[in-house]
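All chains should be built: construct the whole structure from the sequences, respecting the hints.
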Amino acid sequence: MTHVWGFLTPVPQENKAAYLETARKSWDLFKEYGALSLHECWEAEVPEGKLTSFPMAVKREEGEAVVFSWMIWPDKETADRCGASFETDERWKATMDMPFDGKRMIYGSFDPLFEA
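FYI, the numbering for the sequence shown is 1050 to 1165, going by the numbering used here.
Simulated from the structure, these hints should not be mistaken for laboratory data.
Each residue gets a CB set at the ideal place from its N, CA and C atoms; glycine is no exception.
One thing to keep in mind: the hints can contain errors.
[To be verified] Result set (EDC-like, lysine to aspartate or glutamate): computed pairs, CA atoms no more than 16 Å apart in a straight line:
id, residue 1, residue 2
1, 1074, 1138
2, 1080, 1126
3, 1080, 1129
4, 1065, 1146
[As the list claims (entries may be wrong)] Label-pair restraints from in silico Cβ distances:
id, residue 1, residue 2, range
5, 1096, 1141, 26 to 36 Å
6, 1100, 1077, 14 to 24 Å
7, 1098, 1062, 15 to 25 Å
Here it is in structure tokens:
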């Protein structure tokens, strides 16, 4: 069964190109570790909520966009091996200069319930 990593990230609008470059560089390593696909989606229409919303979840600041991302893995074991490599594979350091506030990024690991 496939496995999914999901992310919400607040990125300064002015850093869109830098964010894309970071995603492209990171993808080579993720793919090497077995990821099947990566989807990076830049905010198009993300309304503010009254109780909860994407902007509220990441504490979006003026001039920032919310980026919604997910990565598909063949299984959880493969994803976990990649996650463990963040501590052991020195090549990840070249991808860690992120053009956003990582403290406000939200991420999680998910098992698909339904796919069509």
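A quick look at each hint next to the structure:
With a CA separation close to 15 Å, the supplied pair residue 1074 and residue 1138 stays within the 16 Å bound. Of the supplied pair hints, the one linking residue 1080 and residue 1126 holds, its CA atoms being roughly 15 Å apart against a limit of 16 Å. Of the pairs offered as hints, the one joining residue 1080 and residue 1129 holds, with about 14 Å between alpha carbons and a cut-off of 16 Å not exceeded. Our distance criterion of 16 Å between C-alpha atoms is met by residue 1065 and residue 1146, whose separation comes to about 14 Å.
A hinted range of 26 to 36 Å holds for the C-beta pair residue 1096 and residue 1141, which are about 35 Å apart. In this structure the hint that residue 1100 and residue 1077 lie 14 to 24 Å apart at CB is violated, the actual value being about 40 Å. Separated by about 20 Å at the C-beta atoms, residue 1098 and residue 1062 satisfy the suggested range of 15 to 25 Å.
Consistency with the previously given hints fails for number 6 only.
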